[in-house]
Amino acid sequence: MPPGTPVFTGDKFPVKTFTTCIKYNDSSYEELDDFNLVRLDAEDDFNYWIDIRGVHDSKYIEAVGHKFQIHALALEDILEIEQRPKMDEYQNAIFITAIALKMDAQSGELSKEQITLYFGKNFLISFQEDADDFLKVIRDRIHQKRGRLRQRKTDYLAYSILDFTIDHYYDALDRIEKKLSDMDELLHEENSIISQKELHDIKIQVIRIRKSIYPMREVINRFIRSENPLIFPETDIYLRDLADHSIQIAEMSETYQDMANSLHDLYQAETSNRLNNVMKILTIISTIFIPLTFIAGIYGMNFHFMPELSWRLGYFLILGVMAAVAILFLLYFRRKKWL
Amino acid sequence: MPPGTPVFTGDKFPVKTFTTCIKYNDSSYEELDDFNLVRLDAEDDFNYWIDIRGVHDSKYIEAVGHKFQIHALALEDILEIEQRPKMDEYQNAIFITAIALKMDAQSGELSKEQITLYFGKNFLISFQEDADDFLKVIRDRIHQKRGRLRQRKTDYLAYSILDFTIDHYYDALDRIEKKLSDMDELLHEENSIISQKELHDIKIQVIRIRKSIYPMREVINRFIRSENPLIFPETDIYLRDLADHSIQIAEMSETYQDMANSLHDLYQAETSNRLNNVMKILTIISTIFIPLTFIAGIYGMNFHFMPELSWRLGYFLILGVMAAVAILFLLYFRRKKWL
Amino acid sequence: MPPGTPVFTGDKFPVKTFTTCIKYNDSSYEELDDFNLVRLDAEDDFNYWIDIRGVHDSKYIEAVGHKFQIHALALEDILEIEQRPKMDEYQNAIFITAIALKMDAQSGELSKEQITLYFGKNFLISFQEDADDFLKVIRDRIHQKRGRLRQRKTDYLAYSILDFTIDHYYDALDRIEKKLSDMDELLHEENSIISQKELHDIKIQVIRIRKSIYPMREVINRFIRSENPLIFPETDIYLRDLADHSIQIAEMSETYQDMANSLHDLYQAETSNRLNNVMKILTIISTIFIPLTFIAGIYGMNFHFMPELSWRLGYFLILGVMAAVAILFLLYFRRKKWL
Amino acid sequence: MPPGTPVFTGDKFPVKTFTTCIKYNDSSYEELDDFNLVRLDAEDDFNYWIDIRGVHDSKYIEAVGHKFQIHALALEDILEIEQRPKMDEYQNAIFITAIALKMDAQSGELSKEQITLYFGKNFLISFQEDADDFLKVIRDRIHQKRGRLRQRKTDYLAYSILDFTIDHYYDALDRIEKKLSDMDELLHEENSIISQKELHDIKIQVIRIRKSIYPMREVINRFIRSENPLIFPETDIYLRDLADHSIQIAEMSETYQDMANSLHDLYQAETSNRLNNVMKILTIISTIFIPLTFIAGIYGMNFHFMPELSWRLGYFLILGVMAAVAILFLLYFRRKKWL
Amino acid sequence: MPPGTPVFTGDKFPVKTFTTCIKYNDSSYEELDDFNLVRLDAEDDFNYWIDIRGVHDSKYIEAVGHKFQIHALALEDILEIEQRPKMDEYQNAIFITAIALKMDAQSGELSKEQITLYFGKNFLISFQEDADDFLKVIRDRIHQKRGRLRQRKTDYLAYSILDFTIDHYYDALDRIEKKLSDMDELLHEENSIISQKELHDIKIQVIRIRKSIYPMREVINRFIRSENPLIFPETDIYLRDLADHSIQIAEMSETYQDMANSLHDLYQAETSNRLNNVMKILTIISTIFIPLTFIAGIYGMNFHFMPELSWRLGYFLILGVMAAVAILFLLYFRRKKWL
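Protein chains in written order, with our numbering: chain A, 2 to 340; chain B, 2 to 340; chain C, 2 to 340; chain D, 2 to 340; chain E, 2 to 340.
Hints were generated in silico from the structure; no laboratory data involved.
C-beta: ideal position from N, C-alpha, C; glycine also.
Where hints are given, some of them may not hold.
Said to hold, decoys possible - Label pairs and their computed distance ranges (CB to CB): (1) E:ALA106 with B:HIS189: 51 to 59 Å; (2) D:ASN274 with E:LEU331: 18 to 26 Å; (3) A:LYS113 with B:ASP42: 32 to 40 Å; (4) E:ASP172 with D:TYR91: 29 to 37 Å; (5) B:VAL326 with A:LYS338: 41 to 49 Å; (6) D:GLU235 with B:ASP42: 26 to 34 Å; (7) D:ARG241 with A:THR6: 35 to 43 Å; (8) B:PHE14 with D:SER196: 28 to 36 Å; (9) E:ASP172 with A:ASP183: 46 to 54 Å.
In isolation and in its complexed conformation, chain A is listed as follows (with noise of 0.2 Å):
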């Protein structure tokens, strides 16, 4: 395909789009059953969200594009699943790609989620890549009032977007964060042991925390650079703050791995101990129990002439001669320290 056409790459296709349209400012909040309500040119403080859940439908989404005059190639982006987080700036208007990382609370399973914003003066254009309504709590903010949503213009909203999905992050690392120290705490108990395969999933899903986050901080710092007059100086100390926590992850995900690694490192360690006690405890009864075995062996021979059999205490100076023999070893294997 040639760049520039907007084309889905991804594989989550929920049964429909939906769309949540909300119309809010200071003192009003009002949904709207279509965005081709909301009004562009209006001298008015409102702003516009337009919440998309679900971007399979090209169609749609390009309709969407035409009503808010979105640039080709950010229209593709927005089909296009598997983008590295960037923002680009265009005329009147910001476009930034963030990907929502989701630890399923039961499975422990990571999923991955696109979310781009694209938001001009007095709109904001949300679209996710799957259906579920993954963005509510924040509607629910404004809704209710809670927090200074609604006295601020939509650079605000898309940082309160960016740190709801940040914040999903330390979601998964408390709970790689409890897995890990529960394993460390398993491994200080006797004779226990931790499960490799858990610890590689680990390793794994802290990669793939690492991946997202390294981008997720680039797009942070430029949105904090940007000079755009779409975004406020009041927003900056919450958008320092952002970067900060993205930061605080990126560390927080080093150091789990190389706490996974000195698990890892323990857990290697422990193995070849007990292979180790295992061989002991196989070396000892072989080496004391085979060399008597051969002595029994050989007065067990049919031989005609063997005049250690007639004589009176034989059997007995046999097991005497037996058990020197174990006590030797037993005196060897103490002083090696293994007994």
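Add chains B, C, D and E to chain A, keeping to what the hints say.
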């Protein structure tokens, strides 16, 4: 050889060199028989693309070089296979060396091809190491007026070729990811084993991709930062997209390397574990039966005077002793959690 | 929760919050009963230090915030435990979050405490996560006029608290170095073994120290580079000293990590070596006695016709053969340098 | 020794020092008998190249130094073997220390030679550690007017020598790549084994190449960035090419190190695997036959009263029991996929 | 302790503090009895060097500090052992902390000494942690007029002391390289084994060298970049040489670390290999003889009715069966390439 001597250093000698030469503008498209028909000084808006496949024939390449006034050092670089990707700016022309990596869909083998571009105001010459028509897709796009190639100049054509080249890296990485996740799944099944040789092959492929993509990134960044009048500002947004792709490829290959390393660690842990289990079976069996065999061996001795042999219940007594020994060892192993 | 809501996120709930409030200048020192007695607008040269221990009571913290006009975001950061160390500059005040790491002398466990400082022209408020009087030493120095605290302003007090915090990192590192060199010595003794679990614990502690010291370094560097009028040039040389210490702590923790890794490698090599030795003993004993037992077994068979059995010297001949076999194997093992 | 004392620190003492002195310009080429015939102040366009092989004779080197007014510190560096490659600019002269790595084609051993260049407006002196005529190829090029050496000044000669030196790194890397791919192929065959010692030798060679190429890169970059009038702008494009080569060598050596590490990992995995297989054979044989031998041992006991012995079918019954035990174990091992 | 309190923190308490005080210029050299004879304000061209060995006596050091007006913080740093190398510039004086690493020629142990320099226009004070006369060599050079020390000022003396300190790093690295190449050779011999403990000791030494050289490099670079009038431009070329040396030491220690790691890998591979060979011997012997012993055991049973026992050739038949079994196993092992 003194520096600046054009000598072919590759090992791919196709039967002959193939050349396809096209002339196009927004409204017309024509295939020329010979590159000598290209008119470099024309004041019209035609673009010429001379695509040369197979660069073993230094005579031919020198003829091309003469016609298009290619600098001697650039000519040498075209023939010298195993170049590091680079971009040089000559008077009125830009010279780019790129490396295409192609993953064979059947065998999964990664092959490498050097592609050099030399373009001026109205012409672009592409030199491909292999004779196969790798860039046919782009020629077709021009022919069928798909995408923006017809409206743009040679810088966009150069971008399109680089973009097409970079896209093939994704193919290779996709296949690698597929293999890695297959292995990952396999390792989570009971008693299954992954092939270390395949894992090693994947690692080597990732290493090769990284080796190629880092200098490619540098080339693309120089392309972007260049202030050469041959590169039009409209192409910038496409080049930045290409730069994003090259960063993503570098990051993905690092991620896959980390994953392969984690798989290797898991494999090693599993192997140690399996060895431990093998040795436990051997140790349990040996530890129980070797002493028992010794006891049996004692009463198999032929001493004339062995009081126990004539006891009425001697045999059953000894069988009892043997059972007791076996049970003690079994309890011991149970306490050690080996059973 | 929307960003900017002050909520306590820690898990340490002391019985109550302790507050110590002092007022001092070069010539006098006084303890105040209540932080409300602090006069922020005074033109005199008194400094006020309000030390608050235990930050679980958000009501109380909000009261403090109101009195000293602390920014809402700073208040939130004070209550939010697990912050990344950071420094923010507000109008007329500087806000610093630091992490204190304390190594318990008995158990060798590393505990973490968040300490936040908020200081203006003539006051400094320190918020400690724990209720214990960690900073008593510094208050005593002021009381007893030791050091330069009395003559300087709040920036020097903030420096002193950070310096005291950083000093505790050295304590932790000293204990880690002690343990590592103990292990090192132990490994140079014959037949001794180090505890992999202890080594793992040390690695985890080093990882935690590194995780905390890197952002602390950034905070200190921002403190130095800040051109805030609250920071006097005379404090610069002390801050640079502090920065040197933070670099040294980072370097030391990296060094200890390398040492722990080398110890781990040595341990693994020793374990493999020991396994080799165990297996050599087993192999020597088995290789010699298993064939001998087989020979004895042959002549223990009850075939009616076995010519050797009736030979006059059969028994001694076979004993000789056995001795020869044993000697041959011993020579073989000697040549292999196993004996 | 105080700094600045010229002392030879190498360990290669050739029989004598060889000096070849040539005088050339675009139209003529002449060999001079003695370096004292060089005229430094001539206004003609002749270049002089004094090539000195073997630097153990500090008297001779000092004489050369006196004739060409070489700075005392530069003289010291010429004699001091084991220098780090570097470039110093003196008044009217440039001083470069380079390291040549030569791979012996037969033995595959890597040897190192220090080559120092000291050049002014119309002369270049090369000091080689070894007595062999390493730079003959370049002298021949001048003699036979191949390449551009005759038309250019001493900066181009210095470039040519550095380029020739760097080319030898490729030879070494080619051989290393050859060996690595041989090993790679070998590992893909059944039951084959690679020599860990050879792999270690390759790693050491790669480490040595990296150790030399990094400072060489710095030297070349300083050469390019230098604004010394001795370096003509026409040489720039050649120096940039050389810089590209040095980067490529550094990247290749890193790639080969990664490959060697992956081969090592594969080797370790194969060895563990092979050990597992060895132990499985031992365990299968032991587990089956040790219990059987015990059963046979029971009925080899000589108790007077053993009812089974007198049963008519006792023998066949026991053989049946033995067969059953063996079959049960075989089924067990089959279920474990060991057979 | 509050910051700025001079307290000795080292653990080396020599019997007393030794002080050597010399006064020299180009033409004269004199030893003074007491540092109080130094005239700091003299307008002549004399340099004074006060060399103090053993810094445990804080009273004495404070007296020196008072005489030469050393800043309180510098005094504290002199007494505080375990400082990070650093350079501070005070009014009219420069303060440098360096770490000397000395390799004991016999025991091969690495010991560390802190050397601090404090120098002004015409005096330099060196404070050494140990009481031995480490810098005697430099004093002798001044006395015997070797090198340039007599003609230069205190900056050159400071350079000479740092240069002498850095030279000792080369001694340590030379010994390490010697040991590594001995081990390397040893590993290429048959059946030889290297001591992992020695390899570990080498690694620890390299880690310690790296830990010291990195901050030393920073100190030297600050020395070069400093624009303090106490540092004359003529010293620059010597300082740059020193900086080159410190970079080379850092690179060499990294190279040796890589080599030690490769040796460790080789060792691990050899150990695994050796274990495999041990186990193969055990497996071959056990696999052949355990089944044979079982066969012998069968015919050692005492069943009354065992038809084979009365066969005329039963014994030889069974011997034949045994030989056949043994040969089959031998062929099997030969096919597996174990023999």
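**OP:** Would you pick out the hints that fail for this structure and give their numbers low to high?
**Re:** 3, 5
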